[in-house]
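One-letter residues, chain by chain:
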Amino acid sequence: MTIYRLALRQQFVTWLVWAVVIVLSVDVVDSAAPAVASSHALSLLLSNLPASLRSLTGGRLMASRPLDGYLYVKLVLYLPLLIGIFSGFQAASLLAREREQRRFDLLLGLPVTRRRLLLERMGALLTAQAAMWAITILALCGFLARHGLGVDTRGYTLVGWNGFLVTLTTAAGALWASAGARDYRTAVRWGLLIAVVPFVYDLSVRIAAAAQGWRDILPYGYYNPPQLLLTHAFPWGTTALLLVASGLLVYGALWTFERGEV
Amino acid sequence: MSAAILAHDLRKVYRNGRGVLGLSLEIQQGEVFGFLGPNGAGKTTTIRALMGLGRITGGSAQVAGFDVARESLEVRRRTGYLPGEPALYDNMTGRQHLALALRLRGVPDHRYALGVAERLGVELDRRVRQMSRGNRQKVAILLALAHDPEVLLLDEPTTGLDPLAQDVFRDILREEQHRGRTIFFSSHVLPEVQELSDRVGIIRDGRLVAVDTVEALRHSRLKEVRLRYAEEPPDLSGVPGVRGLEAKGQELRLHVAGDLGGLLRFLADHVPADVTFSDPSLEEVFRTYYGERGS
Chain D
1 MTIYRLALRQ QFVTWLVWAV VIVLSVDVVD SAAPAVASSH ALSLLLSNLP ASLRSLTGGR
61 LMASRPLDGY LYVKLVLYLP LLIGIFSGFQ AASLLARERE QRRFDLLLGL PVTRRRLLLE
121 RMGALLTAQA AMWAITILAL CGFLARHGLG VDTRGYTLVG WNGFLVTLTT AAGALWASAG
181 ARDYRTAVRW GLLIAVVPFV YDLSVRIAAA AQGWRDILPY GYYNPPQLLL THAFPWGTTA
241 LLLVASGLLV YGALWTFERG EV
Chain B
1 MSAAILAHDL RKVYRNGRGV LGLSLEIQQG EVFGFLGPNG AGKTTTIRAL MGLGRITGGS
61 AQVAGFDVAR ESLEVRRRTG YLPGEPALYD NMTGRQHLAL ALRLRGVPDH RYALGVAERL
121 GVELDRRVRQ MSRGNRQKVA ILLALAHDPE VLLLDEPTTG LDPLAQDVFR DILREEQHRG
181 RTIFFSSHVL PEVQELSDRV GIIRDGRLVA VDTVEALRHS RLKEVRLRYA EEPPDLSGVP
241 GVRGLEAKGQ ELRLHVAGDL GGLLRFLADH VPADVTFSDP SLEEVFRTYY GERGS
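From first to last, the protein sequence lines are chains D and B.
Our numbering puts the first sequence at residues 1 to 262.
Our numbering puts the second sequence at residues 1 to 295.
Worth flagging that the hints you see were computed from the coordinates, not collected in a lab.
The C-beta atom is built at its ideal place from N, Cα and C for all residues, glycine as well.
Among the hints, erroneous ones may be present.
[Unchecked claim] Derived CB-CB ranges, DEER-like:
| hint | chain 1 | residue 1 | chain 2 | residue 2 | range |
| --- | --- | --- | --- | --- | --- |
| 1 | B | Asp109 | D | Leu16 | 45 to 55 Å |
| 2 | D | Val28 | B | Tyr14 | 22 to 32 Å |
| 3 | D | Tyr201 | B | Val13 | 53 to 63 Å |
| 4 | D | Phe12 | B | Asp109 | 43 to 53 Å |
| 5 | D | Glu258 | B | Tyr14 | 40 to 50 Å |
| 6 | D | Leu193 | B | Arg111 | 46 to 56 Å |
| 7 | B | Arg127 | D | His232 | 40 to 50 Å |
| 8 | D | Gly142 | B | Arg70 | 48 to 58 Å |
| 9 | B | Arg70 | D | Ala130 | 30 to 40 Å |
| 10 | D | Ala245 | B | Asp67 | 49 to 59 Å |
[Stated by the list, open to error] Over the 10 Å line for every Cβ pair with chain B, so calculated as not near, a few chain D residues:
| hint | residue |
| --- | --- |
| 11 | Pro111 |
| 12 | Gly150 |
| 13 | Asn224 |
| 14 | Leu229 |
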């Protein structure tokens, strides 16, 4: 677990920055919340928006419960993109940055296998991701409680789990894509591409679909907070699919790393 | 005495065709082996291949009795490795690096390592980002020596060290040798190689072009000759084996590589007033191997 702790230590500043960003975001959202909650004009505007634009701004939730919907749009809906970008970047850096800075000579000069090196570093990244989701969900629940709205603990825990799985798969994809990259910049480019392209693709498909019917925007497709908040059902299918996909992608990255130059 | 490092036709060829192109070598336990060659000759590639850090593309090698390709974990367990450009973690202290290395090696007793650190003058509690190049190098040397390894593979170990630290480091290497440790080190500092090594290997374009004791290399390969003539000195540029000819008035200074017969026959016809033969330094031997390329 020594390499795991070393990798966690390397990511400590990122955690700290994320926690500060979340706290500041909640503070900004919190200060604007009273105006949003009592705005009849906003509700009217939302109800008159075309379906596709209404989806982009929070869909049904925003129209029916402005404060809840506002929060949802600000903190929940697009979080996977932010954490996904962070995870893609970090996962791409896991191997490429160490390779570029020739730190593998230091680490692999010790009796450590490449498999252990990769898996413990990936484990540290997952811990960081889980912590980021936890910080975010806690901030969300704190906000709801402060404004006297019911804190849906199970619902938001499921949202956090779903989001974690999506960003885990994004990180695994970025790790796989960057494992054989010849330099750090190429690796990071791959990582960001893996994080952003599925999101943009999904968004465009859903905007097109929304024009034909009443639907919410669900970034990445497999991230579905409204349904989880509504049904409280554990997403077994999504969980199994994303875990298997992540496992295969990490295995692919390991295969490349074990056969490549360091 | 058994071989601590054994390489047979070892190859590590990169896509550009460079690397190590068939290196065969046997280094006995307790031997200090100096590895010479300019930048890009294949020194670092050889050391990394011996550590099992890259996939070798042909041949085989053993370090401490273990195959570097199939049993690299055992090799690394028994070997202390100093990379050519040691990259440490900027936000960690020397002590944290030491703790990391010893924990991964499963060494609970830090006393030996701390003794080495004290002798080298490593600033254990300072963060790497606040250290000078020399102090970083000391930390990297400490990490290589910390677990009291059987074999040391050191790539340019004295780079960046001040003269006092270099002296301490050489003392440590001599002690390690007396304790039966095997040391394989590359260096650009030829007097240092000459002073420390039992044997020297010279690598050129990925191939080992000479392996011998320092004394044998100095005797067999090259002689330094000084000639003084009473009148205008003759032209020796066409004499077989003569190189590095320097004329200063009636005095000539030159090197002769290999057979002295050609020069002696020439001198029989052009007898000088005075002549001296001497063994060159290792540096001059090294230059003859590399001078051939330029000439």
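Hints versus structure:
Between aspartate 109 of chain B and leucine 16 of chain D the beta carbon distance is about 35 Å. The supplied range of 45 to 55 Å is therefore violated. One distance hint, 22 to 32 Å for the beta-carbon pair valine 28 of chain D and tyrosine 14 of chain B, is violated here, with the actual separation near 53 Å. A hinted range of 53 to 63 Å is violated for the C-beta pair tyrosine 201 of chain D and valine 13 of chain B, which are about 42 Å apart. Distance hint check for phenylalanine 12 of chain D and aspartate 109 of chain B: the Cβ-Cβ separation is about 30 Å, which falls outside the suggested range of 43 to 53 Å.
Checking the proposed 40 to 50 Å range against glutamate 258 of chain D and tyrosine 14 of chain B shows it is violated: the Cβ atoms sit about 19 Å from each other. The beta-carbon spacing between leucine 193 of chain D and arginine 111 of chain B, approximately 51 Å, falls within the hinted interval of 46 to 56 Å. At roughly 49 Å, the beta carbons of arginine 127 of chain B and histidine 232 of chain D sit within the given window of 40 to 50 Å. Roughly 56 Å separates the CB atoms of glycine 142 of chain D and arginine 70 of chain B, a value that falls within the hinted 48 to 58 Å.
Evaluation of the 30 to 40 Å hint for arginine 70 of chain B and alanine 130 of chain D yields a pass: the beta carbon distance comes to about 38 Å. At roughly 37 Å, the beta-carbon separation of alanine 245 of chain D and aspartate 67 of chain B lies outside the given 49 to 59 Å, and the hint is violated. The beta carbon of proline 111 of chain D is not kept farther than 10 Å from every beta carbon of chain B, the shortest such distance being approximately 4 Å. Taking the minimum C-beta to C-beta distance to chain B, about 44 Å, the non-interface status of glycine 150 of chain D holds against the 10 Å cut.
For asparagine 224 of chain D, the condition that its CB be more than 10 Å from all CB atoms of chain B holds, with the nearest at approximately 40 Å. The claim that leucine 229 of chain D lies off the interface holds: its Cβ sits roughly 41 Å from the closest Cβ of chain B, which is beyond the 10 Å cut-off.
Hint check: violations occur at hints 1, 2, 3, 4, 5, 10 and 11; the rest are consistent with the structure.
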